[in-house]
Every structure is written in structure tokens, then in C-alpha cells.
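Student: Using the hints, position chains S and V with the ligands against chain D.
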Amino acid sequence: MRHRVCLTVNGKAEEFDVEPRLLLCHLLRAYVGLTGTNIGCDTSQCGSCTVLMDGKAVKSCTVLAVQADGCEVTTIEGLAGADGLHPVQQSFWDNHGLQCGFCTPGMIMTAVEILERNPDASDADVRHGLEGNICRCTGYENIVKSIVAAGTRATS
Amino acid sequence: MYPNQFDYHRAASVAEAVELLSSLPDAKLVAGGHSLIPAMKLRAAQPAALVDIGRIPGLSDISADGDSLVIGALVTHASVADSTAVQGGCPMLAETAAAIGDIQVRNRGTVGGSLAHADPGADYPAAMLALGAEITAVGAGGERTIAASDFFVDILTTALADNEVITSVRVPCAAGGAYLKHRHPASSYAVVGVAACVGLDGGNVASCSIGINGVTGKAVLADAAAAALCGGPASPDRIAAAAACVGEAFDEPLGDLYASGEFRAHLAGVYTKRALAVAAERAS
Amino acid sequence: MGRYVGTSVKRVEDPRFIQGKGRYVANIQFPDMVHVAIKRSPEAHARITRIDTSAAAAMDGVVAVFTGQDFKDGGCGSLPCGWLVPDTKVPDRPIVVTDRVCHVGDSVAVVAARTPYIAADAVEAIEVDYEPLPTVVDARGAMDEGAPLVHAEIEDNVSYHWALGDQEACDKAFAEADEVVEIELVNQRLIPTAMEPRAAAAQWDAAAGEMTVWTTSQNPHPIRLLLSAFTLMIPESKLRVISPDVGGGFGSKIFHYPEEVIVPWVAREVGRPARWVATRTESQMTDSQGRDHVTVAKLAMTSDGTFTGLDVETWANQGAYLSTFAPLIPTALYITLLSGNYKMPGVFGKVHGTLTNTVPVDAYRGAGRPEAAYLVERLVDLAAARLGRDPLELRRQNAIPKEDFPYQTPVAFLYDSGDYDRLMATAADRADYAGMRESQAAARAAGKLRGVGVVCCIEASGPAPSAVAGSLGSAVGFWESGEIRVHPTGQVSVFTGSHSHGQGHETTLAQVAADELGVPIESVEVVHGDTGRINFGMGTYGSRSACVGGSALVRSAEKVRAKVLKLGAHLLEAAEEDVVYDQEAGRVHVKGSPDRGKDFGELAFAAYTAHNMPEGMEPGLNFVSFYDPANFTFPASSHICEVEICSDSWEVRVLRYVAVDDVGKVINPMIVEGQIQGGVVQGVGQALTEIGAYSDDGQLLSGTLLEYAVPRADLLPGIEVDRIETPSPHNPLGVKGAGEMGTIAATPAVANAVLDALAPLGVTHIELPLTPERIWRAVQAAGNGA
Ligand SMILES: Cc1cc2nc3c(=O)[nH]c(=O)nc-3n(C[C@H](O)[C@H](O)[C@H](O)COP(=O)(O)OP(=O)(O)OC[C@H]3O[C@@H](n4cnc5c(N)ncnc54)[C@H](O)[C@@H]3O)c2cc1C
Ligand code: FES
Ligand code: FES
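Protein chains in written order, with the numbering used here: chain D, 604 to 759; chain S, 15 to 298; chain V, -5 to 780.
Rather than coming from a laboratory, the hints here were simulated on the basis of the structure. Be aware that a few hints might be false.
Claimed, not checked - Here are the simulated DSBU-like cross-link-like pairs (lysine-lysine), alpha carbons at most 35 Å apart as the crow flies: (1) D:Lys659 to V:Lys4; (2) V:Lys396 to V:Lys166; (3) D:Lys659 to S:Lys232; (4) V:Lys4 to D:Lys615.
Bound-form chain D, shown alone (with noise of 0.2 Å):
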């Protein structure tokens, strides 16, 4: 049994023909072709498939693509604007908030929850809104750094 399944990816509605068990990270890496969403674990732990679905952090691997039938995802690859990187992005790439790279579309993708909540976020609040990411290069420290640069608090 198969299921159509209508979607707007970073701004581009598209339809697909699936099955009921595939997962939104296959979809989105395998359909769409946005590699970007990395999968780093099978048991929902790390946080690297985290996608934005109507604005909200979500864990892709743990969606199935029919749940997210007519719900506009927002991946990595859909982040930066016609003006260039997004805020959170950059301040990554500033701040040395990553060393691999495979972290990190999700640790972005959370970050930018991270500060929709509170753009005033202080380096313990952004240490306990990762708590469903995990980074194994960074010790996150420059992961931190960044998240919280790229919000209101001024860094000294």
C-alpha cells in the first residue's frame, strides 16, 4: 500500500508516492535529493536528521513521511536566504562550531529553534537546548559559543 504524500521542502511543494514506513530523513535525502539531513543513530538520540517541520525542531528519522503529509520542512539546504548564509549558519562558520561537519545541519537546525524561544539565550541555556544533539568533535564548546553569538546576548 502506497500513499501520496505532499510536501513543501524549503519552500517548493512537491508530491510524492511512498510507503507508509518510510521515514522523512529517507525521504527528504533519498526523493529529494537533500543530503544535507544527516542520519547519525537508529534510536533517536543524536539529533543529527533535525529538520524544521511547520517551524519546529523535529527529529526527522522519527517521523514517518505520511505524518508529515502537507507540512512545509525546512532543511539545512533551505536555511540560508537570497541574502546569503543565515545568522546561525555564519556564526557557526565565526565561531568554530564545527569540526566534521556531520553534527551539524542538526545542531544548526536546533540552534535555530534554540533562539526562536529565547533569543537571549546564555551559554547554560544553550548547553540544556542540546540536550537531544550530540556532537562527538567539538566537545561543544564552539558549538555553544556560536548558538549563543548568533543571539542577542552581546558576547564580550
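Tutor: Okay, now just chains S and V with the ligands, sitting in the frame of chain D:
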């Protein structure tokens, strides 16, 4: 990582969901999917069909009804945590919701799904027990209300019939409540979670209830400990003495690689003490 | 120095990663590609009595199903071990087993299907009957009399015994010692958990007989060599191995794995491109794991606290098979580090490499060196406690003085340079060590469990030279290649045998090349990870890329400069002695007349037009160097950690973490700090949260991220990083490795802090990780039940 095949049905109403559940062999509801999909990815759960209730209208609201809050089954953990009504009327519940998983999980997971799944490490069950919540479910025989204390039956097992759908939870407001959790460092579920409610009358504890999850297969009420605190002031000594009684609530503590049952029982005492202190503080 | 080296140039590789354009193996897609999935053994040790693949093969969308016999019959060889100490017993390690599984996760059968979902269905449909065999999982227990044998032909489960040091001096030290402290400890097994699970893809060009393999490897050339000579049997000239962007390695992606053979073999067999991407759970049970030592050791000293001897015996768990470099780790990268940063005449260590029914163990960030540092630094703290001395002061007393460099240890290494006293003084200063001790006293008086941990650690980075590695058992060399190809326009392509999987080589090595040539960094591109484009190179591990890979580039740049200088002199019609290469400006000009000169671009163009070359000079501007360093480099660190332990729930809270490191000259401070920070958190993970645990019957108890606790963002409140620089004389850049120091130092720093906090309760040792329950139990055992 790759679930088995299944059929998928999207229910437009609770009645349709009940009907589908009753007619389809080996069908399961899916709400947020944040317990079910992880299990299906590991092929630990292999339902033949999913009935998606995620878009049924009317199940996503939080409303006040007298001294209670009525929370729709599809309300996400994030919505509970962010709700000013919950924060104001029942801070412990907002605290519990905020302690679940992570932002992404809270954006998808629902109250109904969490209660129905009845994971021993889930956070809501302790809070619902301590608050004396009532769960409303609709099945083939109509609607019924189940007290939280009757709802959790065993590990991953509730009083729900196979074709029953939780529609809402009624939670009595309580100012004097607190939920504290020892998070598992890997899974983020509760190794131990303690929800404590304290009601004061003058300087004395007039009412107390303590719900604990993580230690045994199902969340339990620590009645002996709660009773021990009533009838006197919520002094540190009395709180400590009450907390020392929580062990009686645990038949067979569960253990894992991170924490044995024995240690969980120990932690339960420690967290009970802390939660009671915060609850009493909030009650005054 | 030039414009770039020593400055925090922003990373040039970042734009693709922050926009989701990383080129990971899992992103490689071909229209007609098959997805490979592997049936894994759920048993730790069993005989396979039946495999039935018929149901799987009959499934819609399944292209082929293969068993171990197919791979054998199809010409695949077994996986070799690339480091053999004398008399090593090497068990056969087939690509896919045929009759017996030796650890949970061993590969049993292979499916190729149209989608990964169908492949997973087919794997589930393969029926395998197992007849369980007895298991052994413990490093030391494996040698017990009557222990089950992992491989019948390998007696006592011993792969090798190895020893190093001055036994006589060691015995003498203990005979004459005033004080001896002893310890028995476990360096627990860790699961590397790079965030990108391993993956491989392959495309076979039947007409040309050429195979391209993409793999998540830290070292594509050695993988090509092994594929060609041992496992896949396709000539190197017909085999291209690409390891594009790799999402972290930490050692686990050095090794040659079965899937790197399976995927190209399947691609050729089914005549379609093939790809396999591990699930996380699959990675956790098949990536080579780290550590897993049981050690008994003692430290001898005089009454004034001078260390005189160290005696160590270690049982090192190697798992069910020998992974590619397995025997290297507990031998030449462990025993050799036992002298630490201290002057001790009598160091002696022996190790027994044992086989068990567990996932193979090999290098994991630090590899041998963290095991040594944790051991030595715990012993030093025990010594301080015994003598009633401050642990920092005792370390400073015994540290090798800076005048003594180069310093020959009793365990083979010749340390290059260092100033350990200044290192510790800087750390103490930065952390306000004295203030920490004061607040600790106040906290203790208030009934709190506050502890301070201090360490001084050594690392040996950039294994070298090749001849010595060979004499110690290596089947490969440890040099590196670096090619500088100057294009006619003056743009520069740098081809390095080093491989970046997060370290930022595209930036760091561009900084080196740009400065060496005096060209803008924007005109330098760094190419790595592709055997089709790059000269044979050894790859990245052991913190070797800057020391060895960077030095190779320096050598090539010297050759470029020499040629350009000669060409410039010729074009300027001056004698070669009369012109200079201005490295700041990238220009050759007549001495004293900067105006009379030629820019780098002009000279490059001239080299390619070749209209006017000096007599005998070949056209072109392209140089390769193969750099074989004279020795390792020896970074050092002093870290100080402050913790508080909750006296009822026993959670450890890190209050402060200060890391002062000496990694020699620093090319990019921002990147080096990032390496230290990331390393520290991995080391703290070993101390507080991580354990790869097996049940007695060989089940991996922490096989998913639901059990295996990788540190999260809130484990530390932050890391304060500082450094001193003692340049290494062993390479032209003066650099030392920076990749592993953080990990090495952090584990003992945190462990020492926790045990310092618990000292008033009489606790002297707890095995890692220091979880609340383990602390609770230790406190109870010490008679301070709570
Ligand atoms: C990474 C991660 C971390 C997590 N950490 C925590 C944590 O710390 N604490 C915690 O409490 N939880 C945690 N969870 C679980 C999370 O809270 C889930 O959302 C919740 O348990 C289930 O809600 P759901 O809506 O997602 O249910 P689903 O997964 O959709 O369903 C779960 C079960 O309930 C049934 N069900 C769903 N809705 C209903 C209904 N209305 N009536 C009857 N049956 C229903 C389903 O059939 C299924 O059997 C975590 C989950 C993940 C993925
Ligand atoms: S891949 Fe989605 S959480 Fe790990
Ligand atoms: S940068 Fe590699 S996992 Fe985060």
C-alpha cells in the same frame, strides 16, 4: 533503522479511530510516534497497521475546568511545558513536560501517547499519579474515565482496552507540586523521577502525594511516605523521615547497566526528599 | 614567519558543511544502485549449522543474497593484521564467516536489494541456526586455565606477550624503595562513536576493469593496498579508493573492515553500483573499539618523593580477531609512555594481548597513551596521598627538567622538547590552583565533597620513523606524501596523503603552503582522500598530519622555491646568488632592488610556457616529497579539574576544567583549541559516562545510544584552554600533534578530582566510568554508607 511494512490509515475522528482499531488486525494507534517509531525502527514493534490520530480535531487543546485542567490527548509535551495555564495552575506538570527528552521530542510527543505507552522511565506517569489525574478514553463501548492510580498496570501495560483511544486527561491543579528527575545519561529517560504534591493547612501538611517512576515496571504512589509527612510541619527532618519510607512502594526494582534496582530505590529516597522540599516551599 | 601560520584563519571547508553540502559516503547515489545490508550474528560464539537464504532471495526487490562461502569462492582473502609483534598469533578473519561466529555482530550473510528497506526485510528473512559455544569476554580471564578458546588453534587465547623497559633497574628500584604504592585498575572498553556511521560505496566499470570504492576511511591508500594485495585482489592500478568528507573517526576509521570488501565485491558481482551504510547499532557492534585493559602496577619512590621505578603488567583485550593495528596499541604506544613526564630510572612493563568473544579492539583517540596516562597519573596521586604531599607539587618535583631534553626514557622513547614545570605552573596559575585548594577546604568544612584533580601527561604523536616502526612490527611505513602542484596561473593545488575527518586540513595545510610559497591562501586548494588524485599517503591518525603531512609540504615548497628562484634569476638575467625569494610577497627579485623582480604567477607561467628556461631546466612546476620524520613528537599537557559530588545522589558535577597544553608551534590556534576541547570531552566521557560493556555470554550491553552515554553539551560547564609552546626539533614546522592530548589528560584529571573529593570518605579507587552508583557503592564499601 528501517521499519517493517504496515498499512496506514489516517483517522478523521475518534470514532473512526476506534472503528479502525477494532476492525484491523494487529493495528496500533500512532500519535506523535516518539515511542512507537523508535521501536519500529529497531523492529522491536511490528504492527500490521497504524491508525494515525495525529490530525483528529479537538484533541490538542488545554482548557480550564473549575479547579482542573483538561489536556487533550494530542497536546504535545512542548505545549504543556509552554502553557501559561499549566505553568500557573499546575507548575509541576509543566516542569514534568519540560523534563521529557529534548526539544525535538517535546515538539512531537503527546500526553496521550506517553500515558498509553507507559514506559517505566517516562516522566508523566509519576506526575499524573501524584496529581490524581483522570484519563478519559473512548472505546467501542463509549467513553469512560480511569483514575491514574488504576491506569498503570505493568511495564508498558495500561488499563486501556486494545481499541480504546485516550481523548484527554483531567488534572487537578496543585500549586504545591514539584517533579525532579535523575536523567539517564544516554537515553534521557528517568532513571528515577519523583513527583510530589504537598498541601498545607496552616503550618502543617494537610495532604501529600508522591508518584515515582523509573524504579519499577510501572510508576507507583509512595503512600506510606506521603502519609508519614501529613499531620505535621514540612520540616527538613520530617521530610527526610517521610522520604525514608519510599522503599515500601517498590516490589521489584528494575536495573540496567547504568543503575541497579537497589540504587534506583536509593535515588528515589533522595529525590523524594528534594521534591517534597520544593513542593512544600511552593505550597507555602 | 608568514602571514597565515600562527593565526586563526577561518576554515575554508566550512561553507559546504554549514549549508548541508558535506560529501559523505552515505550521500553518494547512483540511479541503479543496490543497497547492501548485512546479516549480523546475535551470538558471541557459535557454530553455524544452517543458513537458509531462499526466502530472502525470493523477495521482491532483492537482487542477490550471498553467504561467506560465496566470498571465499569468489576470491576474497581474509583481513590481514598490519602490525605484528614477535610471535603474534593471528586468527583468520574472513570477510564473511562460513561456519563459526566469534563475536556479536560478526557478518554472516549479505543482501543486495533495490532499497535499504527491502534489504533490511531480506536480512530479517535469512534463517540461521546457531549452536552456541562457550564464551570468554574478559581480558585477563581469557588466559585462565580452562577458559573457553576463541580460536581452537590459539592456546590460552594469547595472541602475543610483549615487554619493554629496564627490568633490572626496575627490580632495584623496588628493592630499595622507601615507599611503594600499588594499584589494580581497568581501562574500560570504549566505543568510538564517530557521529557518521561507517559506510562504503562502489562502482565497477566492467569494460575497463576498474573499481572505484568510496569508504569512510582515515587513510584511503593503505585501504587500497590491503584491498588490492589481501582481500579484494584487484590491482592497485585498477582500484581507486576515495574517502571524501568523513564524519569523525577517532581511530575507528583507520582499519580495514569487511564491508570495504563486501561492497565492491557485490557491485562487481551484480553489475550495479552498490552502497552500504551502517546503522548506528551496527556501527557500535562492528567498529573496532578502544581501551579494555586490566592492569596491575606499582610505583616505587624514596621517602622524599622521588620516583624511582614503575612496574606494570597489563592484559589487553584484543577482541575476537586482530584488527588492522591492534597489537600496536598496547605495546609500542602504551608501554613506551609509562615514564610519563617523570624522571624515573626503573620503568618496566609487560603486556599480554588476549583474544575474547568481543568486537575487535584497536586504536581509539589516544590509543595506548590514554591508558598509560590514566595509570601513571592515578599512581602519582596515590603516591601524593601516601606521602601527604600536594599532588601538583609532587609532580613538579619529579618532572623531567627542561635542561634534560632531548630526554631518553627507560622505555625506548627519546622525548624531543618540553618544559613540564612551566606547563604545570601555567595550569596552576590559570586555574588559581591555590585558590581552588582553599575553596576546597572551605567546602569540606561545610560538609561538601569538593575535589581537585591535576595531571601532567605526555603524548607521542606522529609515529616515526618508518624503519623503527618496521622493527617494532609495522607492516607499513609512517612517512607522508605532499605534492605541490603550481598551475600556470600561479594557483596552487596541494595534494596531501593526510586525511581530514574534522581536523580542518583544508585550512591548516593551506596556511602552511601559502606561507611557504608566499601566495594568498585563497589561491591554495588542498586535495586529500582520493587515491586517484594523490600520491600514496599514510592518512591521518596518531596526531600526525601537521607534523608529518605538513612537513612533507614544507619539503615540496622548498623544491618549488628553489626552482622558481633559479628560473627567476634566469629571467631577470641575474646570477642565482644575486636574487632572493621574498616569502612574504611571493616574489623573486634582485637583492637590494625589490622592483627588479617577478611575481610568483609570472614565474609559474614562465615555467609552463617554457619559452625561456635556464639550461637543463625541465618545464613545469610540480614537486612531490615523501617525508619520513626522524622521531615522534611529544606534546604534553597539564589539566586541572574541579568537581563537586552530591553527597546523597552521588552525581559528579564538574565546576571548572582548565587545560594547558604544549603542542609545539601552532599553525591555527582556533583549530588547535577546538581539537583540545573536543578531546577533553571525550576523555571526560571515559571518566564519567562511557562504557562498552559485555555480559559474560558476550552480549554487548551498550550497543545503542540508549545505553552508551556519549557526553552531551551539559556535561561540562565549559573548558578553559591555554597553552605554552616548546617547538619540536623533529620537524621543520616545530609542531607537535594536537589531536589526542585533550583526551589523554582529561580522563585522569577528572578521575583524580573525583577521588580527591571522596578522599575524606576513605575511598581510594573506583573503576571508570565514575557513575553515581559506582561512587555510592565505593562509599558504602569504605564504611561510609549513605
Ligand atoms: C529520544 C527520545 C527521548 C525521550 N525521552 C523521554 C523522556 O525523557 N521522558 C519521557 O517521558 N518520554 C521520553 N520519550 C518518549 C516520548 O515522550 C514519547 O513522545 C511518548 O512516550 C509517546 O508519545 P507519542 O505521542 O509520541 O506516542 P506514539 O509513539 O505515537 O504512541 C505510543 C504508544 O501509545 C499508543 N497511543 C498513542 N496515542 C494514544 C491515544 N491517544 N490513546 C491510546 N493509545 C495511544 C500508541 O498506539 C503506541 O502504542 C522520548 C522519546 C524519544 C524518541
Ligand atoms: S538520526 Fe535522528 S536522532 Fe539520530
Ligand atoms: S562536528 Fe563532528 S560530530 Fe559534531
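Student: Each of the hints needs a verdict: does it hold here or not?
Tutor: These are the hints, each one checked on the structure:
1. A hinted pair counts as satisfied when its Cα atoms are at most 35 Å apart, and Lys659 (chain D) with Lys4 (chain V) qualifies at roughly 30 Å.
2. In summary, the hint linking Lys396 (chain V) to Lys166 (chain V) is supported, as the alpha carbons are separated by about 26 Å, within the 35 Å threshold.
3. Proposed proximity of Lys659 (chain D) and Lys232 (chain S) is supported: the alpha carbons are some 31 Å apart, at most 35 Å.
4. At roughly 33 Å between alpha-carbon atoms, Lys4 (chain V) and Lys615 (chain D) fall within 35 Å of each other, so this suggested pair holds.
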